[in-house]
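Based on the provided sequences and hints, a complete structural model is requested.
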Amino acid sequence: MKYVKPSILFRDLLKRDELKHSRLLGLDVGDKYVGLAVSDPDNKIASPLSVLLRKKNTMDLMAKDFQKLISEFSLAGFIVGYPFDRLRKNTEAIQVKIFIDDLCKTGKLEGVKYTFWDEGFTSKNVEQMIKPLNLLPAVSKTMLDKFAAVGILQTFDAPFLVEDGTFCFEALGAELAMDRH
1 MKYVKPSILF
11 RDLLKRDELK
21 HSRLLGLDVG
31 DKYVGLAVSD
41 PDNKIASPLS
51 VLLRKKNTMD
61 LMAKDFQKLI
71 SEFSLAGFIV
81 GYPFDRLRKN
91 TEAIQVKIFI
101 DDLCKTGKLE
111 GVKYTFWDEG
121 FTSKNVEQMI
131 KPLNLLPAVS
141 KTMLDKFAAV
151 GILQTFDAPF
161 LVEDGTFCFE
171 ALGAELAMDR
181 H
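Those letters in the sequence shown? Residues 1 to 181, per the numbering used here, in order.
No wet-lab data here; the hints were simulated from the structure. Fair warning: there could be bad hints in the mix.
[Stated by the list, open to error] Estimated spans, in silico, between C-beta atoms of each pair:
1. Lys-15 with Thr-58: 30 to 36 Å
2. Ala-138 with Asp-12: 34 to 40 Å
3. Ser-74 with Ile-98: 26 to 32 Å
4. Leu-133 with Lys-105: 37 to 43 Å
5. Lys-44 with Lys-68: 22 to 28 Å
6. Phe-84 with Lys-64: 25 to 31 Å
7. Ile-45 with Ile-98: 28 to 34 Å
[As the list claims (entries may be wrong)] In silico DSS-like cross-links for lysine-lysine, where the CA-CA straight-line distance does not exceed 25 Å:
8. Lys-15 with Lys-55
9. Lys-32 with Lys-124
10. Lys-56 with Lys-32
11. Lys-124 with Lys-64
12. Lys-2 with Lys-105
13. Lys-44 with Lys-68
A virtual CB, placed ideally from N, CA and C, is assigned to each residue, including glycine.
Here is the structure:
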């Protein structure tokens with residue numbers, strides 16, 4: 001796997017041949033589960049996909065699952081939710097990095113691009129939305145993880161979209177300029 005800055009991954013999506021749609025996979029990494037969401041072929045709408053059980057001894061199996069998803073959905077990269085904080089001592093952030101490092105160590109996802117994206121309060125927002133539904137805890141947790149991944153993926157495109165649904169190349173240029181500093 002190869003880390004790239006968000007604007008670079010986005011720019012690469014725009015450069016692709018228009019006949020070849022490339023989707024993105026959103027990941028909400030937790031200590032027990034990884035929620036997944038996939039974008040539509042135009043990368044404008046995210047949909048919940050599934051939840052994978054996360055264990056240290058299942059990384060090879062998870063990498064194989066990701067290989068299948070890459071093939072099935074023509075994935076161009078992963079958008080990994082990351083809890084940015086100023087102190088950089090966030091235990092959740094450490095867990096995300098460990099997960100990505102372990103996934104890289106499998107060697108099964110060579111060349112797959114990924115970037116970190118601020119997950120903000122995606123889990124908290126989803127939690128507030130599903131709380132009134134009074135779901136069973138297991139169902140609630142699965143929904144929470146999948147829809148948190150949707151939130152992460154949906155906000156990835158937001159800085160570059162304009163009202164009519166097209167992409168703002170000026171915003172992308174400004175983002176690229178910020179990346180150079």
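Hints, one by one, checked against the model:
1. Lys-15 with Thr-58: 30 to 36 Å: 35 Å, holds
2. Ala-138 with Asp-12: 34 to 40 Å: Because 38 Å falls inside the window, the suggested range holds.
3. Ser-74 with Ile-98: 26 to 32 Å: 28 Å, holds
4. Leu-133 with Lys-105: 37 to 43 Å: 39 Å, holds
5. Lys-44 with Lys-68: 22 to 28 Å: Holds - the Cβ-Cβ distance for Lys-44 and Lys-68, about 24 Å, lies within 22 to 28 Å.
6. Phe-84 with Lys-64: 25 to 31 Å: For Lys-64 against Phe-84, whose Cβ atoms are near 30 Å apart, the range 25 to 31 Å holds.
7. Ile-45 with Ile-98: 28 to 34 Å: 31 Å, holds
8. Lys-15 with Lys-55: With a Cα-Cα distance of about 36 Å, the restraint between Lys-15 and Lys-55 is violated, given a limit of 25 Å.
9. Lys-32 with Lys-124: Satisfied, since the Cα-Cα distance of roughly 17 Å is no more than 25 Å.
10. Lys-56 with Lys-32: With a Cα-Cα distance of about 10 Å, the restraint between Lys-56 and Lys-32 holds, given a limit of 25 Å.
11. Lys-124 with Lys-64: Roughly 30 Å separates the two Cα atoms, so the pair is violated.
12. Lys-2 with Lys-105: The hint holds at about 12 Å.
13. Lys-44 with Lys-68: Distance ~22 Å between Lys-44 and Lys-68 Cα, so the pair holds.
Figure legend: structure checked against the earlier numbered hints; hints not met, in rising order: 8 and 11.
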